[in-house]
Amino acid sequence: MSLDPAYLEYPRRRQGYDHDLYAWSALHQRPPLKWPHGSVAVWVCVSLEWFPIIPSDTPFRAPGHMQTAYPDFRHYTARDYGNRVGVGRMLDALGAAGAPASFATNAAVAERYPELLGAVQAGGHEVIAHSTDMNGTIDASLPVEAERTLITEARDRLAACGVQPDGWLSIARSQSFNTPDLLVEAGYRYACDWVNDELPYRFRNGLINMPLNHELSDRQIIAVQQQSADSWAQSQEDAFDWLAAEAAASGGARMLPIHVTPYIMGLPYRIAAFERLLARLAARPECWFACAGRIVDAFVGQEIK
Amino acid sequence: MIEGAGDPGLYDWPSQHAQLTWPGGKSVAVWVAPNLEYYEIDPPAHPRRKAWGRPHPDVVGFSHRDHSNRVSHWRMADVMTKHGFPGSVSLSVALCQHHPEVVQDAAARGWEFFSHGIYNTRYAYDMAEEQERAIIEDSIRTVRASTGQSIRGWLAPALTHTPRTLDLIAEYGLDYTCDLYHDDKLVPVKTKTGDLVSIPYSLEVNDHYGFFVYNMSGRDYAETLIRQYERLAAEPGSVMCIPLHAYLIGQPHRIGPFEQALKHIAADGRAWIATAGEIVDAWKAGRTLP
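Residue numbers (the numbering used here), protein chains in the order written: chain A, 1 to 305; chain B, 1 to 290.
Quick caveat, the hints were computed from the structure, so don't treat them as lab data. This one's a predicted model, so the numbers in the text were calculated from it and none came from an experiment. Among these hints, one or two may not hold up.
What the hints assert, rightly or not - For lysine to any residue, the following SDA-like pairs were computed, each having C-alpha atoms within a straight-line distance of at most 20 angstroms:
1. Lys26/B x Lys263/B
2. Lys50/B x Asp4/A
3. Lys82/B x Asp4/A
4. Lys50/B x Ala140/A
5. Lys50/B x Ala6/A
6. Lys82/B x Ala6/A
7. Lys192/B x Lys50/B
What the hints assert, rightly or not - So the derived label-pair ranges between C-beta atoms look like this:
8. Ala234/B x Asp4/A: 47 to 57 angstroms
9. Phe73/A x Glu235/B: 48 to 58 angstroms
10. Asp166/A x Gln104/B: 36 to 46 angstroms
11. Pro11/A x Ile2/B: 32 to 42 angstroms
12. Ala223/A x Gln104/B: 47 to 57 angstroms
13. Ala159/A x Ala128/B: 55 to 65 angstroms
14. Ser228/A x Arg227/B: 36 to 46 angstroms
15. Val144/A x Ala45/B: 34 to 44 angstroms
Stated by the list, open to error - Here are some chain B residues pointing at chain A (derived, C-beta under 7 angstroms):
16. His83
17. Ser217
18. Ile255
The beta carbon of each residue, even a glycine, is placed where N, CA and C say it ideally should be.
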């Protein structure tokens, strides 16, 4: 029994990463950032998702997609509930807290539900691009030309609805090695897929990464780990408390990303936990509710060139 | 081990050592084992185990673990230092090359290092003897060059072994293995040569199990650690290990409750808070040789 000798060779064992996408940097050793208000930017990001009832497994089936034999009325409608009902509760909650948010929007949602897009814009929120629809997944098995077409198609279809986002969120935060370059080529300023940091940072190709903590999402805590909405909200507050203390101790700024999904958090028995959380955060002097674009602006304004 | 036998013959039953009180008359030795790891973004394929669940790059998988080396190592380490807990580091030794800043920070805190393989994306299954010797020798050489320390223990990379792993690490003079989960006390391991002991590590209160097997909240996990501690503190001679991964325990929603658990243990008075090497030394000094 023996392994191929190449398995014990390490050609990229060197200082820094084994890839060239971005440079290493330790958060706690960077010069402190400042926000326009407060010390903890609370970035609420709402995913607006439309799942075609005919799912695609190429390159992979998105989390939350159809599960039964065709026609899966159960999951098609339960997901669409988020777009019809759940998101309205979230818009009301955000409005009551005075919290501008980012809405990561499938192009198909913008096309299909113009009233919803209008309500998002009227609420002072920001739209970021979130692929075409929930069949528009990306990973390394997608040929580069197909990926380029997907990214530009999502951009162009949103533009036809009157929105020109400068940020992008991949479905399931899944990229190929080509994605960062294709996003820059398509004119995006930032993407929200890499969860390795807690502040914005720049890739070598110029793209800014906005880390959107997946562990704190309602999908992870409620749908995957099957905890209650109250437990989810408690985790958010515990995170806020810790980040506020770190910001105070370091004289710098921190960011709390709250990634939520209307068909999960917008349900009648869960929405109150979201409302209470926003109200409690709004009462904290350290809290700056901001959409991704404003946080990126603040970061860029203080970047050391 | 006895290769091919149903019972691999790793140890005797029951625990053969006398009950022991830890230094200072403490009833339970507590050690914290942060895993300081490097996962490769695009490792070569192993015939028996995929490194990532998705085609490379597995952005969430890789970047979640990268959080340790950019953010959460310092958060976790500061909390440990504040409450008097040294780390006994399960080290992907290639971290000495990739992010020496992390390794140096741990060394500066007086932490102890043992090997967790070269990378947590290179698995030992099916290695030939000379290949497994190569990763052991690489580990010894790399940690010595980076920190001046001689590694004394082994936690197999991603918990992947061969039938000869324990014999080999004993032959190289290592004192302890973290790969066996049969006891809450130190137990001698039967090897061809050497003097190898199994020190309790833990799967069950490993933060990975807490958050990804049992799906606990940060508060639930902290409560679990306190319950584990309270029971073991009542059973003299026990060892409690808290195995950690900064990218898990160092998330902002978990570190606060975790700090409360450390405060509880530090304030209790029954705990001897030590490194793995110190615990092995105290056990060897106190044992009755057959």
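**Violated hints - listed by number, lowest first** = Checked against the structure, the hints that fail are numbers 3, 6, 7, 12, 14, 15 and 16, while the rest are satisfied.
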